[in-house]
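Under the numbering used here, the first residue of the sequence shown carries the number 17, and numbering increases by one thereafter.
Take these hints with a grain of salt, some might be off.
What the hints assert, rightly or not - Computed cross-link-like contacts, DMTMM-like style, restricted to lysine to aspartate or glutamate with a CA-CA straight-line distance of at most 20 Å: (1) Lys460 - Glu478; (2) Lys460 - Asp150; (3) Lys312 - Glu414; (4) Lys436 - Asp150; (5) Lys476 - Asp445; (6) Lys164 - Glu203; (7) Lys312 - Asp283; (8) Lys460 - Glu254; (9) Lys343 - Asp368; (10) Lys189 - Glu292; (11) Lys312 - Glu292; (12) Lys460 - Glu414; (13) Lys164 - Asp445; (14) Lys347 - Asp327; (15) Lys189 - Glu129; (16) Lys312 - Glu264; (17) Lys436 - Glu414.
No lab work stands behind these hints: they were computed from the structure.
Model, not experiment: these values are computed from the prediction.
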Amino acid sequence: DGCSQLSAYERKRLKNITENAKFFAALKLHEHRGFVLLVSVALKCVNCARAKPKKAEEETVRRRSMRLQRVEPSGIPVVEVLAQLEAEEYPQVPAGPFPMVPEGGMENSKLTEGLLTTWMRISEVLMMLCRYQDSLNSMVLSQENIKKVVKYRVCSMAIHPSESLLFVAAGDKTGQIGLWNVACRSEEGAQVFVPHSSAVTRMQFSPCNPAHLLSLSTESLRCGDVTRAVFDEICRSEENLSSFDFLEEDACSAIVGCWDGRVAVVDRRTPGTSSELSADIGFRRTRTVHVHPLRKQYFMAAGSVDVCIYDVRCLKPSGTRPVSSLKGHTKSVASAYFSPGTGSRVVTVCADDTLRYRGGSSLGKTSAAGGFVVIHRHNTNTGRWLTRFQAVWDPRREDCFVVGSMARPRQVQLFQDTGKLLHVFCSPDCLSSVCSINVLHPTKNILVGGNSSGRLHVFKEE
């Protein structure tokens, strides 16, 4: 055979082919081929997806306006109708000035008037503040407006209300009172008098007669009368006087504070130098007293962490109760003053490095019951060699006051009652010391600051 010449692999391959052929022949597949074709066709027909009938689409009819269809209403052209509607909806404003009348006409005249009045009022306040700032910016310090008026530390000052001549009085810690005519450039422009034997802590020109200068030291209250060239003694006390203020416009009576905490009422019309009444108000010491500018029966006293308002008519030798108490101070209070116009605001300087402004509350309630309180951080640590700071109101404003500052370069600061620093009086070339005591002219743009060496510095318009 030819198979003997084949390799072992080829012989095995031929054997497998022969066995497979015999196996398929035994199955007789060629006889059943037609049946298999019929079954496959039937299965395909069963699995065919049935076509779904299409839904009839509903045609929506969109509404179109006559304007979009460009169809004119019968008898009226579209252009004329549109022009008429625009004229009614948007009336034409004539050229030139137009009256400020609301759309409702005169029906809301009261409401409109109130709204416009409010607008005008707030605008005027802002414009007045801008003009006030401009006037402050015009105030400068020059070398010829600096002078040593008293020998030692300035403890109090007062400006004469004259508008024609600038005349300043200053008191020092030894009882000296210096008078300075700022316009006079010679040495004769300043003179020193010694009507007291201790620190002059308060000075005021009489509101009804500026020829009288009242000054207070620990032992006495005196009135310097230039018409008679004498310092009259109004009150003498052993209780160590600290401050005073006039109870009446004619300056005949005054409320006097004492370092032991008591207050006294003094009347210049009665003979003698003793007080009319001495009252215990519950203070350990009283540093300042200040009378309300409108309701003269009320005065405010400040001392050791205490600031209270009292009624002069209710003062008693003991057990006097305050009308109102201004709480919140944690250390001794250096000063407390009412605002000059209405007395509705109060500014205090406290040793806890704060300035406090209060307002809006009535005299019969404590500050906690109503009104507002603004607390501003301010370094009041003056030490033993400087006079303690006192915040004093600008006599021309109800909302602004000045106070000394420890900041460098040396300066005097002017604040609003909101706590905003409105202006800084400084001059690096001329001002090199702390001005603890400051006073403003009642009608002119003039500020005078006194330091601890007896020098006065005058900021004024050039």
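Here is what the structure says about each hint:
Proximity of lysine 460 to glutamate 478 is assessed by CA-CA distance (about 12 Å); at most 20 Å being required, the pair is judged to hold. Restraint check: the Cα-Cα separation between lysine 460 and aspartate 150 comes to about 14 Å, which is no more than 20 Å; the hinted pair holds. For the proposed pair lysine 312 and glutamate 414, the alpha carbon gap of about 18 Å is at most 20 Å, so the pair holds. Between the alpha carbons of lysine 436 and aspartate 150 the distance comes to roughly 16 Å, so the proposed pair stays at or under 20 Å and holds.
The straight-line distance between the Cα atoms of lysine 476 and aspartate 445 is roughly 16 Å, inside the 20 Å bound, and the hint therefore holds. Annotation: proposed proximity of lysine 164 to glutamate 203 holds, straight-line Cα distance about 10 Å (limit 20 Å). Taking the CA atoms of lysine 312 and aspartate 283, the gap is about 15 Å. The hint holds against a cut of 20 Å. Restraint check: the Cα-Cα separation between lysine 460 and glutamate 254 comes to about 39 Å, which exceeds 20 Å; the hinted pair is violated.
Restraint check: the Cα-Cα separation between lysine 343 and aspartate 368 comes to about 14 Å, which is no more than 20 Å; the hinted pair holds. About 28 Å separates the Cα atoms of lysine 189 and glutamate 292, which puts this hinted pair outside 20 Å; it is violated. At most 20 Å may separate the alpha-carbon atoms for a hinted pair to count; lysine 312 and glutamate 292 meet this at roughly 17 Å. For the given pair, lysine 460 sits about 16 Å from glutamate 414 by alpha-carbon distance, which is consistent with the 20 Å threshold.
The suggested pairing of lysine 164 with aspartate 445 holds, with an alpha-carbon distance near 17 Å, which does not exceed 20 Å. At most 20 Å may separate the alpha-carbon atoms for a hinted pair to count; lysine 347 and aspartate 327 exceed this at roughly 25 Å. In summary, the hint linking lysine 189 to glutamate 129 is not supported, as the alpha carbons are separated by about 57 Å, beyond the 20 Å threshold. Under the criterion of a C-alpha separation no larger than 20 Å, the hint pairing lysine 312 with glutamate 264 is consistent with the structure, at around 7 Å.
Simply put, lysine 436 and glutamate 414 have alpha-carbon atoms about 14 Å apart, close enough for the 20 Å limit, and the pair holds.
This entry does not satisfy hints 8, 10, 14, 15, going by the numbered hints stated previously.
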